Structure formats: structure tokens, C-alpha cells
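A.B. asks: Each chain is listed here by its residues.
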Amino acid sequence: DQQVKQNSPSLSVQEGRISILNCDYTNSMFDYFLWYKKYPAEGPTFLISISSIKDKNEDGRFTVFLNKSAKHLSLHIVPSQPGDSAVYFCAAPAGGTSYGKLTFGQGTILTVHP
Amino acid sequence: GAGVSQSPSNKVTEKGKDVELRCDPISGHTALYWYRQSLGQGLEFLIYFQGNSAPDKSGLPSDRFSAERTGGSVSTLTIQRTQQEDSAVYLCASSLEGHSNQPQHFGDGTRLSIL
Chain H
1 DQQVKQNSPS
11 LSVQEGRISI
21 LNCDYTNSMF
31 DYFLWYKKYP
41 AEGPTFLISI
51 SSIKDKNEDG
61 RFTVFLNKSA
71 KHLSLHIVPS
81 QPGDSAVYFC
91 AAPAGGTSYG
101 KLTFGQGTIL
111 TVHP
Chain W
1 GAGVSQSPSN
11 KVTEKGKDVE
21 LRCDPISGHT
31 ALYWYRQSLG
41 QGLEFLIYFQ
51 GNSAPDKSGL
61 PSDRFSAERT
71 GGSVSTLTIQ
81 RTQQEDSAVY
91 LCASSLEGHS
101 NQPQHFGDGT
111 RLSIL
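Chains H and W, in that order, give the protein sequences. Final position of the first sequence in the numbering used here is 114; the numbers increase by one with none missing. Final position of the second sequence in the numbering used here is 115; the numbers increase by one with none missing.
For reference, chain W alone in the conformation it holds in the complex (with noise of 0.2 Å):
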């Protein structure tokens, strides 16, 4: 079956313009996740939607920071002007929530240049 895709794969773009990256999720699953990882680090937690609830935006790095998740499937990350400390891969994962000991299933990630 599908996977969690993303796009674009690999996205560069000049310091100070806005970027808009998308999460298409496993079909059904109801929690969303993005998470980021710049060079040498692990993964970093960035926001998490679960169904209809608010989602936990208590990793975003700052109010630059934003997403959405529209109509409970496709989310969009959106960073706005751009710094060249945004340079990361961000990853998105999806999970079948309400059951237990479902993993988080990752896309291949949006390798993110600023210029």
C-alpha cells in the first residue's frame, strides 16, 4: 500500500522567502506528525495532529513556524521568512492513533536548502 508521501523532496529557496511543504499520510490514520532533522542531530518533534483535537504545537521553534491539516488527511508545514538556521531535512509520519502499539510510519523526508 501507499506510504506517507511528501513534496517537494528536495526544496532551496533564499533566506527571508516563505516555504510550503506537504504531507500526504496513510490512508485512514488519524495522527500526523512532522518532525525536523538538521545535520549531526536526531529527529526533532515540531507539531502533532491527532483527529479533530487541537494540535500540540509545543515544537514548533518559533511563530514563523506553521500547519495545517485540512480535513483531517493533507498537511501543509508552511515557514515563513526563511532562515539559514531552517536548513534541515523535516519529516513527516502518520499512526493508526487509538490503537495501541501502532508505530509512526515516516515519509522520506523534504531535504529544506536556505540560501
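Same shape as in the complex, but just chain H (with noise of 0.2 Å):
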């Protein structure tokens, strides 16, 4: 059972534009959200987080928005830039607090060009 989805396996934006990586949820229980960007042959970085008592968290260009009546929460990037280009990843701590083994969304890769 695939609790956390991203159905998008890829997105392709021109440099400036707006990103938007999108993410479902089927656990009512998750309470707290991470978003990790990948690049290849290296390990997942944190890049932003969001608590279930928000609906929007801001750092930079990231910004994070969670509807949870829908079970959805996407992540916006302003203005996208080529370095932004790497794989990225929702996910959400299984045991329902802000840590814990997290339960991963199977990724979507963005590619900015320039």
C-alpha cells in the first residue's frame, strides 16, 4: 500500500518559470511532511519541511503548501533555476510525530532548462 504518491515521474521547466512537484497522501495519521531533493550518486538532502498545523511554509524559493482535507501538499519553486534540476521526494514520518522511519513517495525528476 503506497501511502505516500507522487504521480508525476517527471516535470520539465524553463529556467524562471515556477516549479510545482505535487504529492498525495492516504494516512489521515501523518502530521508532519518533508520534501528531499536528490542528485544522482549522492544521498538525499532535506530542503523544507511543513508541520500539519500550517498550511504554507516558506524558505527562499521553496515553498511548501499542505491542503489536508484533500491529502495533498505540493512544493513551489520561484523562479526555478538548472541547479534545481535533480530528482525530488514527499515524505512523511510513519509514526505520525516529526521523526521516525519515514515512508518515501517514489520521486519526481525536474529538469530546468535554461
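I should point out that these hints are in silico values taken from the structure, not numbers from a laboratory. Treat the hints with care, since some could be wrong.
[Claimed, not checked] The calculated label-pair distances, taken between Cβ atoms and stated as ranges, are: (1) W/D18 - H/G16: 45 to 53 Å; (2) W/K15 - H/S52: 40 to 48 Å; (3) W/A54 - H/S28: 26 to 34 Å; (4) H/I109 - W/E85: 22 to 30 Å; (5) W/Q83 - H/P114: 42 to 50 Å; (6) H/G60 - W/T13: 41 to 49 Å; (7) H/K68 - W/S58: 20 to 28 Å; (8) H/L11 - W/P61: 29 to 37 Å; (9) W/K15 - H/N57: 41 to 49 Å; (10) H/D59 - W/K17: 38 to 46 Å; (11) W/G16 - H/A41: 24 to 32 Å; (12) W/G3 - H/N57: 17 to 25 Å.
None of the values given here were measured: they were computed from a predicted structure. The C-beta atom is built at its ideal place from N, Cα and C for all residues, glycine as well.
Need the complex rebuilt from these two chains, each delivered in its own frame; the hints are there to steer you.
C.D. replies: Put into C-alpha cells, the structure is as follows:
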């Protein structure tokens, strides 16, 4: 049972435009969500997180939106840069707290064209 | 500061052999996790150590897989009698548990190839 789903395997965006990466979840017990970025041959790097008590969290060019009623979150990157090209994973702690083992989506490959 | 360190970075071995993968977590991190990523898949949880508590082994795919964490620091993941389906990137992560909103920090992984 895939509790965290990223239904878009890939996304291609022009430099300077907005990138929107989507994630859906099925477990209503999840109350904390994280986004990781992964370059080839490297481990995932933490990008941004959001607690379920918020509906938005912003960090520079990165903003995560959470819609609890729809069990949906999205990551917005504005403006997109070629260095943002990577695989993006959304994840949630399975224990319903801010830590513990993570359940990951399948990932979305973002390509930002110069 | 030093991040999570994993060794070896690459391992090629024959089917049926045993392998050991090592993880050095970030100093002071009490929680340590192992995940694996098979080709074209997301990250799959394997095992989780938190301080002196019994590890959460719920993600280990078979009894050929085991892991230890000595002295609350270094961890070794052992795969016995390797099979071709064990080929994957094995990732270790650590975090500062007991503090809210502390994300997991990952190493660069060990790419395991079973011939």
C-alpha cells in the first residue's frame, strides 16, 4: 500500500518559471511532511518541511503548501534554476510525529532548462 | 561539520556471498536509519535504531538481512547469501531525536550490485 504518492514521474520547466511538484497521501495520521532533493550518486538532502498545523511554509525560493482535507501537498520553486534539476521526494514520518521512519513517494525528476 | 559517512561507496559481489555495509552517523545523533532504493523506486525503510531502545526491524525484507549499532554510533548492515534482487543503493541516515522537527540527514549510499 503506497501511502505517499507522487503521480508525476517527471517535470520539465524553463529557467525562471515556477516548478510545482505534487504529492498525495492516504494516511490521515500523518501530521508532518518533508521534501528531499536528490542528485545522482548522492544521498537525499533535506529541503523543507511542514507541520499539519500549518498550511504553508516558505524558505527562500521554496514554498510547501498543505491541503489536509484533500490529503495533498505541493512544493513550489520560484524562480526555477538549472541547479534545481534533481529528483524530488516527499516523505512523511510513519509514526505520526516529526521523526521516525519515513515513508517516501516514488520521486519526481525535475529538469530546469536554461 | 562531517556528515553521514557510508562505506564502501560501491560493492560488487557474487550471488550467495555475504556483504557488510557500514554507516558512521553524524556525531551526537541518537537515531540511525537504513533505507534502500531499488532501480526506479522510491526509498524503502529497512531498520531504525533510537538510543538504547530495541530497533524497529519492521522493514527488513527477509531474515538474510540484519543490522547492528555498536556503542550508539557506527552501524553495520549485513546481508547474508545475497540474491540478485538485493541489488540496490543502501542509504543510511541519522537525526537528532528527542527534538521536534529534526530532519534525517543522509549519506551518499552504498551501491550494491549482485552478479
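A.B. asks: Next, verify each hint and record whether it holds.
C.D. replies: Hint by hint, here is what the structure shows:
1. W/D18 - H/G16: 45 to 53 Å: holds (51 Å)
2. W/K15 - H/S52: 40 to 48 Å: Between W/K15 and H/S52, where Cβ atoms are some 45 Å apart, the hint holds.
3. W/A54 - H/S28: 26 to 34 Å: holds (28 Å)
4. H/I109 - W/E85: 22 to 30 Å: Given about 24 Å between the Cβ atoms, the range holds.
5. W/Q83 - H/P114: 42 to 50 Å: holds (43 Å)
6. H/G60 - W/T13: 41 to 49 Å: For W/T13 against H/G60, whose Cβ atoms are near 43 Å apart, the range 41 to 49 Å holds.
7. H/K68 - W/S58: 20 to 28 Å: 26 Å Cβ-Cβ, so the 20 to 28 Å window holds.
8. H/L11 - W/P61: 29 to 37 Å: Holds: the Cβ-Cβ distance is about 31 Å, inside 29 to 37 Å.
9. W/K15 - H/N57: 41 to 49 Å: holds (46 Å)
10. H/D59 - W/K17: 38 to 46 Å: Cβ of H/D59 to Cβ of W/K17: about 45 Å, so the range 38 to 46 Å holds.
11. W/G16 - H/A41: 24 to 32 Å: holds (27 Å)
12. W/G3 - H/N57: 17 to 25 Å: holds (24 Å)
Checked against the numbered hints above, the structure violates none of them.
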